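*Asks:* Chain by chain, the residues:
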Amino acid sequence: MSDRLYTKDHEWVDVDGDIATVGISEHAQEQLGDVVFVELPEVGRAVIQNENVAVVESVKAASEVYAPLTGEIVEVNEMLTDDPAQVNADPYGEGWFMRIRIDETSELDELMDEEAYKDFLADLE
Amino acid sequence: MSDDTELRHTPLDSLHRELGARMVPFAGYAMPVQYPSGILAEHQHTRAAAGLFDVSHMGQVRLTAKGGKPRQEAARALERLVPAALADLEPGRMRYSQFTNEDGGILDDLMVTAMGDHLSLVVNAGCKAGDIAHLRAHLADDLEIEVLESRALLALQGPQAVDVFSRYVPQVRELAFMQAATWTFEGERLQISRSGYTGEDGLEISVPGHCAEDLARRLLAEPEVMAIGLGARDSLRLEAGLCLYGHDIDTTTTPVEAGLTWSIQKSRRTGEGYPGAKVIAEQIADGASRKRVGIRPEGRAPVREGATVRLPGVQAVGIVTSGGFGATVGGPVAMGYVAAEHAHVGQALELDLRGRAVAAQIVALPFVAHHYHRS
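Heads up: the sequence lines are chains A and B, in that order.
For the record, in the first sequence the residue sitting at position 68 is 68 according to the working numbering, with numbers rising by one throughout.
For the record, in the second sequence the residue sitting at position 315 is 1315 according to the working numbering, with numbers rising by one throughout.
Treat the hints with care, since some could be wrong.
Stated by the list, open to error - Per label pair, the in silico range of CB-to-CB distance:
1. G93/A / V1345/B: 21 to 27 Å
2. H1344/B / N50/A: 41 to 47 Å
3. R1217/B / G93/A: 34 to 40 Å
4. P1366/B / E78/A: 54 to 60 Å
5. V1314/B / A46/A: 29 to 35 Å
6. G1299/B / G93/A: 21 to 27 Å
7. A1348/B / L108/A: 44 to 50 Å
8. L108/A / H1344/B: 51 to 57 Å
9. G1299/B / A46/A: 21 to 27 Å
Treat the hints as calculated values from the structure; they're not laboratory data.
Since we're looking at a predicted model, the values are computed, not measured.
We put the beta carbon where it would ideally sit given N, CA and C, even for glycine.
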């Protein structure tokens, strides 16, 4: 089982030191359907946990993506501009959205580990 | 997931679920919005081959003149509620029209087919109760109004649709666009029209509900055919520049504003004969104050219904009424209304999207050329 963490809004977080890579989960991409556009935040922007930070447009509707952690956007996945379908094809790999330099590592304690997220999804059914 | 036990179901409901459809409530029915392949694949497949749509939720109505009078009498009666000319519609031919109100606004849009001794109507699912009440309120003295609750409606659309269906009913090849006929297939009466809502060639097939699933399964077993949901139905019709009731047309839009004057034959532009005829005749003569246009946003972000349309940096001049991603176009497409003085192809616009301005341009409709089979 990976060390990936998840939010109740179906974002995932992979932490390496003080850098968190963020994307949306398999469940989220499956619910959205074909992704046609991703609006990413600007590099350098300061974000607060739970703030709207990106938008995913599927064919039918737009969905908000929320910052799982407080910090600064240090990198965004430019490739999604040309190939938004990676969000569907490889949500945990090439479909990553952004990297945040974490201000407050204690916020990680609020996130779910993989087992807890699986239980959370089961309860949603 | 919400409880959908109060929703109505079409005869293909269990087939959709078996195919893994994502079901959503639509106009009081549980309907497939997409299947596992997804909306983009379903959309592209329809334009490349043949897509099978369940549109059984729509209302099918048969109108017959009372007292054994001929179909033309039923047509004359119906003309009291719609702007189209129907009395001269020959058997086996169809016209597109609208139920209008006293302001010239649109209560619903519909297809009318002349069959031997009656007219066949297809109306939108969301409006069918109101449409039937409207017909009964005005025309019950003149018409038998029969709602065909037990019939299903399938649409097979795309360049290979007619080839595929000719394996079942060879004579469909003889139909031209907007023609219809009835044929018996394995003992069941099918009413088939060469028409649709995608811009492609194709057929709409009215079939008794009890054999709809069998026919659908057989069509899906054909190599060219894929099941298509409402999500792709919407993106296909938007690329084809076709109006969706409740979005691009409603009680506040006249057929003239909506660019549907072509559906009002010249004999019916006299200013009388149906609700709102005077308003409509004036708009045909003097021009309407706003017009439905095609809008192509720059970039890749879809701009959706409700977005404000502006002249760049200046005032609001309109609103988006339909918007999404056009899979064939490969980018965002939209329709909306713009003040007539600015409603020209090539006009630069700005659209409000989440607090920022997206550059856009008015473009000619349709976004994707129609492929109707005209004789």
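*Asks:* Is the distance from the Cβ of L108/A to the Cβ of H1344/B consistent with 51 to 57 Å?
*Replies:* This hint holds: roughly 56 Å between Cβ atoms.
*Asks:* Can you let me know if the beta-carbon spacing of H1344/B and N50/A is within 41 to 47 Å?
*Replies:* At 45 Å between Cβs, range holds.
*Asks:* Has the hinted range 54 to 60 Å been met by the Cβ atoms of P1366/B and E78/A?
*Replies:* The hint (54 to 60 Å, Cβ to Cβ) is violated, given that P1366/B and E78/A are roughly 33 Å apart.
*Asks:* Taking the CB of G1299/B and the CB of A46/A, does the distance hold inside 21 to 27 Å?
*Replies:* Because 26 Å falls inside the window, the suggested range holds.
*Asks:* A1348/B and L108/A, beta-carbon distance inside 44 to 50 Å?
*Replies:* With a Cβ separation near 48 Å, A1348/B and L108/A satisfy 44 to 50 Å, so the hint holds.
*Asks:* Could you say whether the range 21 to 27 Å given as a hint is met by the Cβ separation of G93/A and V1345/B?
*Replies:* Hint violated: Cβ distance 43 Å, outside 21 to 27 Å.
*Asks:* Take a look at whether the Cβ-Cβ distance between V1314/B and A46/A falls inside 29 to 35 Å.
*Replies:* 34 Å, holds
*Asks:* If you check the beta carbons of R1217/B and G93/A, does the distance land in 34 to 40 Å?
*Replies:* This hint holds: roughly 38 Å between Cβ atoms.
*Asks:* Between G1299/B and G93/A, is the Cβ distance one that fits in 21 to 27 Å?
*Replies:* The hinted range 21 to 27 Å holds for G1299/B and G93/A, with Cβ atoms some 25 Å apart.
Hints 1, 4, counting from the list given before, are not met by this structure.
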